[in-house]
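**Student:** So you can see what is in the structure, the chains are spelled out below.
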Amino acid sequence: MNQKVKYYLSILLLLASMSAFAQSGLYTEDIFQHYGKRHGSTMVQLSADVLKAYDVTLYKSLSFHPEASGPYGWSWIIACIDQDKRRARKIKETMLDGSLESGYYQLPQARKGINRFILFKVNGKKKATLIYIEGTLNSAELVSMLFSKK
Amino acid sequence: MKSIEYIKHLLDKYFEGNTSHSEELELRRFFAEAKDMPAEMSVYKPLFGYIDKESSMIKPMRHHHKLYIRYIWTAAAASILLLFGIAGYSGYIHGNSNYVIINGEKSTNVQLAKEEAQKALTDVGFSQKDISKELIPQDMKEDMQ
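Heads up: the sequence lines are chains A and B, in that order. Position 94 of the first sequence, counted from 1, bears residue number 94 in this note's numbering, the numbering being contiguous throughout. For any residue, its number in this note's numbering is found by taking its place in the second sequence, counting from 1, and adding 150.
Bound conformation, chain B alone (with noise of 0.2 angstroms):
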């Protein structure tokens, strides 16, 4: 047990501001220990009492933060993920590539397949015959107007 003397020079210390972090925790150490002191000393032990009580609460508050911060890791993987899938699918679907395959053979000569792609709107489109033999329904002839 350190002297009375010595505490006091630490808690003269203390106020001062110029206690280091191994004094600081002597101070502490001897007023959680100490059972007898002197009246005017025993002021204070409620000071380093509560530093003592807010030390021991930041301890789960930091465990609080942890899973916190493992909570967002997760959220941040989960969404990573969660576009990386979207990302994925819609390539499978949709492709982002532009190409025309002819007998089997993939080109990706852009004007090759646009003129392969008007020739198939050509195929599916309508003429003024298609209209005039009443081969087009009449709410389609509406778009059309």
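Chain A on its own, in the form it takes in the complex (with noise of 0.2 angstroms):
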């Protein structure tokens, strides 16, 4: 084979396997990257070092008060939230009065091995609490650890 091919070919199967990788991108960061860092909000974020006895190699959470009104309220949230919806394969949510009152959605795997879950709840004073769990831990696993936090 040509040299010139060969070397082009490395070239795009680098790229391609870089924009594979960038594809795992999800709405609901931008929830995190928007609110994280504002007045009234609180974000954290634990990686696998300080996590493993749970399984979790990832744990983002981010508890804020969305906007009443602007391009970045509440249809806003919702329609990120939506969006990494429409790629669950697990969904379960809770309306109250035809609006989200909480949301726990398993994503589909990171890579082999690896689950992905967002949850959102709303609370009465329109506090709203999101979370990012990536790890090893199932489904049922994530549900009893939060039936335990109460």
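Hint data in this document are derived by calculation from the structure and do not stem from the laboratory. Model, not experiment: these values are computed from the prediction. Keep in mind that a hint or two might mislead.
In the PhoX-like style, the derived pairs of lysine-lysine whose C-alpha atoms are separated by at most 20 angstroms in a straight line are [said to hold, decoys possible]: (1) A:Lys-127 with B:Lys-269; (2) A:Lys-125 with B:Lys-269; (3) A:Lys-37 with B:Lys-264; (4) B:Lys-269 with A:Lys-37.
Some, not all, of what chain A presents toward chain B, calculated at C-beta under 10 angstroms [to be verified]: (5) His-39; (6) Gly-40; (7) Met-43; (8) Leu-46; (9) Ser-61; (10) Trp-76; (11) Ile-78; (12) Leu-100; (13) Leu-107; (14) Ala-128; (15) Thr-129; (16) Leu-130; (17) Leu-137.
Built from N, CA and C at the ideal position, the CB exists for glycine as well.
Please dock the two separately framed chains into a single complex, following the hints provided.
**Tutor:** Written as structure tokens, this is what we have:
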């Protein structure tokens, strides 16, 4: 095979693999980006080194007060969640007065054996909590973990 | 042109394994250029002709070898670039650190980050009350059992 062809093939494979990796991005990541550093928000990130005992490799949570109006208000947040929900393998939602009160979404695996979950809940004071969890823990383990938290 | 006697002397040295590189070159040159030579010497012509042919074959092989090495280096460079790309992108998306940002203030206190993480989990968690109020979908209850 011509050396130049081999060279450009290598470059193409490199770019293709990088773009495939880039597609793992989530819309809810935008919510973390937008609200994470705001006054009134609390954003946490914990990685595998402190989460080994829970079979979790990445934990991100955001507690925030969504904007009452403007382009990044409730409708934008729900739209972001809806986009990720479309890719979800498992969806569990509760609605209150026609609005999303809580959502539990299991996304396609990040890679073999690595499950991904998005959790969302709004409390009465219109404070929202968004959590992203990635790890080897399964759906049942996560649910039992959540059940023991109250 | 070297004398026949001198070439015979070089041939003797060659078969004894005592020729230098320059002497071997002289032999090759002689057998490549000489048109008339004694019959007993012409039998060696294919030997040195073969060596000449062999040396001419080495060049393209070296050329291929160089291209192969260059390809290996390119592949190695591409692999390193790929690893850095993945590591960089992974770091960008996931980050490798543990932190908490409260009201815009970042802290790398892991204990504080863990406490805030527990609070968030409590916020999205379920209680027995939620179950009794039928706020939890049936299949989720099954997961709990």
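**Student:** Could you run down the list of hints and mark each one as holding or not?
**Tutor:** Right, here's what the structure says about each hint:
no.: 1; hint: A:Lys-127 with B:Lys-269; verdict: holds (13 angstroms)
no.: 2; hint: A:Lys-125 with B:Lys-269; verdict: holds (16 angstroms)
no.: 3; hint: A:Lys-37 with B:Lys-264; verdict: holds (18 angstroms)
no.: 4; hint: B:Lys-269 with A:Lys-37; verdict: holds (18 angstroms)
no.: 5; hint: His-39; verdict: holds (5 angstroms)
no.: 6; hint: Gly-40; verdict: holds (7 angstroms)
no.: 7; hint: Met-43; verdict: holds (4 angstroms)
no.: 8; hint: Leu-46; verdict: holds (5 angstroms)
no.: 9; hint: Ser-61; verdict: holds (4 angstroms)
no.: 10; hint: Trp-76; verdict: violated (20 angstroms)
no.: 11; hint: Ile-78; verdict: violated (16 angstroms)
no.: 12; hint: Leu-100; verdict: violated (13 angstroms)
no.: 13; hint: Leu-107; verdict: violated (14 angstroms)
no.: 14; hint: Ala-128; verdict: holds (9 angstroms)
no.: 15; hint: Thr-129; verdict: holds (4 angstroms)
no.: 16; hint: Leu-130; verdict: holds (8 angstroms)
no.: 17; hint: Leu-137; verdict: violated (12 angstroms)
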